[in-house]
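Engineer: Protein sequences, first through last, are from chains Y and P. 1 is the number of the first residue of the first sequence in the working numbering; add one for each residue after it. 1001 is the number of the first residue of the second sequence in the working numbering; add one for each residue after it.
Because the hints were derived from the structure by calculation, they are not lab data. Being a predicted model, the structure only gives us computed values, none of them experimental. Virtual Cβ for every residue (Gly too), placed ideally from N, Cα, C. Check before you lean on any hint, since a few could be wrong.
To be clear about the criterion: a stretch of chain P counts as covered by chain Y if any three or more of its residues have a C-beta under 8 Å from a C-beta of chain Y, and this derived list gives those stretches [unchecked claim]:
1) 1260–1271
2) 1338–1352
3) 1394–1401
4) 1428–1434
One-letter residues, chain by chain:
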Amino acid sequence: MAGQPSLRVIIVGGGTSGWMTAAALARLLPKRCRLHVVESEAIGVIGVGEATLPHIRGFIEKLGIREADFMAWTRGTFKLGIEFRDWGNLGDSYIHPFGTFGRGKGDVDFHHYWTRLRSAGIDIPPLEQFSYGCMLARANRFDLPASDPAQLASTYGYAYQFDALLFAPYLRSIAEGLGTHRTEGKVVEVLRDALRGDITAIRLEDGQILEGDLFVDCSGFRSLLLGEGLEEPFEDWNHWLPADRAVAMPCRTETAVTPYTSAVAMPAGWRWRIPLQHRTGNGYVYASAFTSDDGAAQALTRAVEGAPLADPRLLRFRAGRRRRSWVRNCVAIGLASGFLEPLESTSIYLVQQAITALVELFPDSAEATVERDEFNRLIDLEYDRIRDFLILHYHATRRSDSEFWNYVRTMAVPDSLAEKIELFRRAGRVVKYREGVFLDASWIAVYVGQGIVPEGHDPRAGGPDTATLLQAMKALHGEIAATVARVPEHLRYIDGYCAMAAAA
Amino acid sequence: MSLKRVLVAGGGLTGWSTAAALKRRVPMLEVTILPLATPPSALADHIATTLPSILGFHADLGIGLGDGVTRTGSLYRLGARFCGWVEGLPDYVHAYGPHGTAVDGVSFHHLWARAARDGSVAAFDTFSPAAAMARAGKFVPPGDDGLLASHGFALTLDVPRYRRMLTALARHVGVREQPGALAGVETAADGAIEALVLDDGSRIAADLYCDCTGPQALLHGPLQAPREDWRRWLPCDRLVLGDAEPVQDPSPLDCVTATASGWHWTSALQRGTVYSAAHGESEEEPIRFEAGATLEPWRHNVVAIGDAAVTLEPLEWGNLHLAHSAIDRLITMLPAGAPHPLEAAEFNRQALAEARRVRDFVLLHYVTSRRDGPFWQDVASVAPPESLAHTLRLFRERGRLPYHEEETFDRNSWLAVLFGQGVLPRQTDPLADSVSPADAHAAMARFGAGIARAIQPLPTLAAFHAAQSRHLHERA
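Put together the whole structure using the sequences plus the hints.
Structural biologist: Here you go:
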């Protein structure tokens, strides 16, 4: 016990990933590591992932942070899901909710009954109208979910939309309060053990040398330690996910502060809209092979709803990942490990999963083969699953109004995805898993929302006679509408719960 | 076309369970059973000991405790006691349920492992309320709260009576029974079955065939699906099965004892000896079996269930469980129309992952055993399959158990066997730092005392059965 070694952990980069990592390690493993964050104010922070997934709540809780404080500080709003506009076809709109369809109970998934009625030619409302979470979002209302599983209000989860540029400083104050050291400076050299190849130290611009046992690369796209230092190869997924740039520009909120993020398909990619308490974040993620930077900036400027609060800012990236995230004594977390476009708000989720895995597998020495292999296995699972889910959004489309959409509609997709789509198309089957991100309901939402309607349904959904089934559907539809109407408006809920301090 | 007619071949527990479940849960199907007697080597049809999942299977079919337990003469069981698997260590109990309770969010097993490494601590199973209850010969089902709220329990079946109950249920829900013996299988050019030919020359055709005929796989076998052989890891290939001596006060624990060339067990209703023919022999004529599984239990329009799909020695009693699980999976994935290769592939992927993981758990007992003698040297020295090797590496290094999607035995079970057989992780989980050894020790002592208090007033297994039986009679 007393002999447990404490490792010198050097975290390179102080953006969202760097400070999330520092705060979590400082809070959860105070005896196992001495933390040192190196960051440079001269290097911009990307500040990705203003919209999150429900898993973030577990992270906040583990750090002992009060949700309302955190939301007020980061000017956060609630998020019930993502609205996808113009994806399956121009004019389409659906919500991918953090929740289920129907009452979330019973042997047979709700969408099988819906499919059955629909293919019998019965005029039945869109699937999302049978999801409490979707309808709450559409109505711009919010309340915390109920814990009693008998209630409709228990069938959804939520996440946050917040200002990522305020998130990192918030975590920094926590990490520093728990004893994390911080050094201002740029890394100019990665020093390695000549024999073993491990990283021994980093040299800063001012000549300072920082030695460590474990190095966490949170340096962003540059991947300073893992990519440049250890030369871990990059696996490029550009052929499946051709978007490689984004232009971002916040604006004043002129329409509603929605409890959901919007992803609007554009001629060469898609545009996000993330409403915060004080402004709305916008950005156009596009493929440079299909539109110019100026064209994208102009398209974004035309599309935003209110007065711009900054000039358009350009970001370049490549979809893909380093083959391994933990190599030798270096663990890359966040963009230094890989990048997937923020279409499903997975950036912070991936950071969080990597941190959780690192905490659970925190080694007692730099010799950590078992830990390293397991960490990489867990991260592989996350990336592969998200990758297929993202590709689905592009591929399941009937759009033929631009070169870009023609490309993604007709491109070859990974076999694992092609099989998933075919299983759903035949009889509404969703490949089930219990652990991880994007469970059944997420896949169902995107399949159906983008026009893949099953040809058949689960034979068990053939049980009840049509009139009985239709009546039950109508009752559910009515109950959802009535329950939603009793919930406060999103902004009113925020005002009472976590309003930000008066604007500075 | 829509899938309508299902034919189930096999008249053992597997066949009747399949037919009854399909008809009960998908009433619009026409289910016919060809109740061919299955050989003793159809282990899922003949092993009396089951896992807790059987009660879930019953619930899905609407079989209550009265019909499922009392009227079939079945007995509740809480787990098994393992003797002699590691020389020098005391016996241990694998009961279905948690050990201890988390302290300040730190899993109990990490704290126990740290205490075990640092010195003396009571055996891991003494912190399992279910194991302690079972050792005391007592039984209650889980309650709503308290220490005895989270355990699982299973059944020891009176196999002939249980089969009669299933038969009656199947008939009641509308399963059609086709008498006769199988004379041949007609296949189409693509390999799918077109019809079964019976001994009177008649033909019966269906949209989907379930092969529950045991390891001979009368329907599935001719389709020549590739098979995976597990004998290099699990060399036991003989079984001698018999009835147990009736006792006044049956135990909720089976006793599983290592022998020179395998193991033997006694349960409340059955006993058996499992051994490797290469390492030992028996005076009685044994049942022969070969550990392994077909890679494609669902091929064309045939689904193999039970020993037709997977054969495994009965250690830890996964046989009928795997059959039930296949039935569940088939019902959940029943095709809307003609079976499609992709649907079959997904079924097979899950079925195989599940079977391999049960195999891993069985094999865990051997690879972590420590006994003298050629048999034990052989089984402990063979390199396990990578899935188990990975689990062992992670556990031995840091007490972590990797998550698997198709896992039959939960963490509690893995921990019971790993710690029971003396496998301790090298490192303490870093998250355990937040609980001092003294605090952990105090929490363990409190927990142990709580178990003793909770168990003291409980009825014996026999008394519990008697009370339940009286209660049912009074209601009737």
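Engineer: Could you run down the list of hints and mark each one as holding or not?
Structural biologist: Each hint, compared with the structure:
Closer than 8 Å: that is the beta-carbon criterion, and the segment 1260–1271 of chain P has 0 residues meeting it against chain Y, so the requirement of 3 is violated. By the rule of at least three residues with a Cβ nearer than 8 Å to a Cβ of chain Y, the coverage given for the segment 1338–1352 of chain P holds, with 5 such residues. Chain Y is given as covering the segment 1394–1401 of chain P, and this holds because 4 residues of the stretch bring a CB closer than 8 Å to a CB of that chain, at least three being needed. With 5 residues having a Cβ less than 8 Å from any Cβ of chain Y, the segment 1428–1434 of chain P passes the three-residue criterion, so the hint holds.
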